[in-house]
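Number of protein chains: 2
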Amino acid sequence: MSVLVVGSIALDTIKTPLEEHADLLGGSASYASVAASFFAPVNLVGIVGDDFPKEHVGLLKNRNIDLAGLQTVPGKTFRWSGEYMWDLNTRETRSIELNVFETFSPELPAAYRATPIVLLANIAPGLQHHVLDQIESPKFIIADTMDLWIDIAKPELVSLLARVDMLILNDGEARQLTEETSLIRAGKKIQAMGPKYVAIKKGEHGCLLFGEGEFFSCPAYPLEDIHDPTGAGDTFAGGLAGYLARNGGHVTFNTLRAAVVLGSVLASYNVEQFSLERLKTVTTDEISSRLERFRELSRFEAL
Amino acid sequence: MSVLVVGSIALDTIKTPLEEHADLLGGSASYASVAASFFAPVNLVGIVGDDFPKEHVGLLKNRNIDLAGLQTVPGKTFRWSGEYMWDLNTRETRSIELNVFETFSPELPAAYRATPIVLLANIAPGLQHHVLDQIESPKFIIADTMDLWIDIAKPELVSLLARVDMLILNDGEARQLTEETSLIRAGKKIQAMGPKYVAIKKGEHGCLLFGEGEFFSCPAYPLEDIHDPTGAGDTFAGGLAGYLARNGGHVTFNTLRAAVVLGSVLASYNVEQFSLERLKTVTTDEISSRLERFRELSRFEAL
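Protein chains in written order, with the working numbering: chain A, 13 to 315; chain B, 13 to 315.
It cannot be assumed that every hint is accurate.
Distance condition first, Cα-Cα at most 27 Å in a straight line; then the derived DSSO-like pairs of lysine-lysine [said to hold, decoys possible]:
#	chain 1	residue 1	chain 2	residue 2
1	B	Lys-200	A	Lys-214
2	B	Lys-151	B	Lys-201
3	B	Lys-214	A	Lys-201
4	B	Lys-88	B	Lys-73
5	A	Lys-214	A	Lys-166
6	A	Lys-201	A	Lys-214
7	A	Lys-151	A	Lys-88
8	B	Lys-201	A	Lys-214
9	B	Lys-214	A	Lys-200
10	A	Lys-214	B	Lys-214
These are computed hints drawn from the structure, not numbers from a lab.
Required output: the full structure, derived from the provided sequences and hints.
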C-alpha cells in the first residue's frame, strides 16, 4: 500500500554552534518521503526550480520514490536558512526565499489520486486543502503543521482539522493552537476539533499520542550528540505514515503506537547527521535494532 | 525490610490560582515517609515544635510509621509558604520560617541505625552527611536534593554523592549541577560523581533513570487537573524507597525500573489534592490500577 507525500522541497543552509553547510537537500516532503520509503512505496508531490541538483533527484530515485508529481519549473528552488542556538533546541530563521514555491499549486497525477495513505507534510493549510480536494477514497489522512500557520492561517488550519484523521504538531504549537497549558488538555481539545488521533511531539521528551480514549507516551531515544535537528518532525511523520501503509492502512490505536515508535526511530537517526545524510545510509537492521532499544527504554515489570 | 526516612517536617501555606490553604502538613520527610509506608515499615527522623498539630502526628501513626526518631522541641514548627503560578509548573516561595528546624541535628535512635534502605529526603547536604555517619551496614542509600543546595552547599553535596547509591533530582537541578544541556549527558556526568543510579524527574514529561549502562524512560501519568504539586518529588522518592525495601533491598536496574514507576504512581495521586490529603485515602487497589495504566501508557507491539 502506498503513501502520498505532499510538502516542500528546499535547499537549506544550516548553521549549528559547530558547523555550517549550504544548499543541503531539505523541506518537509524530502524528509517525509525518504522516511516513508523505508516501509512503503511513496508518491511524491512537490516543486523545485531548474537549479535543483541532479544528485538530490538521484537520492529520491534511489529510495524508489515516485516522482511523477515532482514539478520542475524555471526559476530557483525554495531556500531556507536557519541557525541553531548552543543547545540545539531553539533555532532562528535567518532567511527564506520562496522562489518557485511561491506559485506552488500541488497537482496530483491521475495515478496518485487513489493513494490510500495521505501525508500532508508541513505546507500552508490552503495547499493541504487543495490536495484533499483531489484525492479519492483515502483510507487515512495525516496532516503536519507548524507555528507559522497557526499565526497567519488559523481559519484554514481549523477547517482542515475537520477533514483529516490525524494531526501531528509539537508541544509549543499544541499549546498555541488550543491556548491550553496542559498538553493532555491540548491533545483532547484538538481531537474535539476533528482529528480522531493527535500526536504531540516533545523533542527530547518524546511524543504523546491521543486517540480512541487511549493514550500512549513514546519515549525519546537518549541521544548525547545531535548534529542537526532539521527535519526530525518531517522524518517522524513520514516514518509513521509509511508504517501505516505497510500494515495495510487499517489503522487502530495499537498500529499507531508502533507507527509513532518507528517514526521516532527514524527521526533519532536523522538528527545524527546534517540534511538527509544519515537517512541515506540507515539499514533495516539498524531500524530493527533501535526499535529494540525503544522497547528496552520503557519496559518494566512490577513484582 | 524497613526504610529510614530523614528530612523536613513543615507546616505549609500554599496558594494556587484557585485555592489557598494554611498550616498544612508538609515537608520532605512527611511526604516521603507516608509514600514509603505503602510498601514497607518506615523509621522517621525529623523535628517539630510544640505547636505541631496532634492530627498530623495521628496521620503518621495511622500509616504505622515509627516515630521514635521524631524530635518534638519547644518552639514553632518549620513553616513554608509558596505560591504556584497559573500553569502550576512554576512556584515562588513567599516565606520561610526555619524555627525549630534551624537547630535540627538528625539523631538516629539505636534501633534505627541498621535500617537497610536509607532515604535522605531533601534537607541540607551537611545534615545528610550527619545521618550517614550514624548508619550501620546499609544496603542502599538514596539522596534527594534541590536547587538551593546546589547554589549554597555544592561542595557538601558533591562529597555526599560519593557516599550514596542513588541521587534523585529534577531536570533543572541536573542541568544546574552538571552545566550540561543534554539530560542524557547530565545523568551520566552525575553517575561519574559517585552514585551508581540517577533519577532525573521531569514533571509533566516523566522521569529518566540511569544505571548499569542502562536507561529507563518512565512516562508521566496524563493528569488533566493538578491541584497542588507540592511534595510530588518527595512522594516519588518515598514510594521508590519503600518499593525497594519491599523487594528485599536487592537492587538491580530492573527493580529500580518498577520502583520508579511506583514512585510515579504515588506522586500522580499526591498532586490530586492539597497536602497529604490524597495519600491519606489511596488504596492498594488504586495503586495497582494506576500501575496497570502506566503499563498501558508505554506499551507497543511492532508488527
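task = Provide an ascending list of the numbers of those earlier hints which the structure does not satisfy.
result = Failing hint: just 7.
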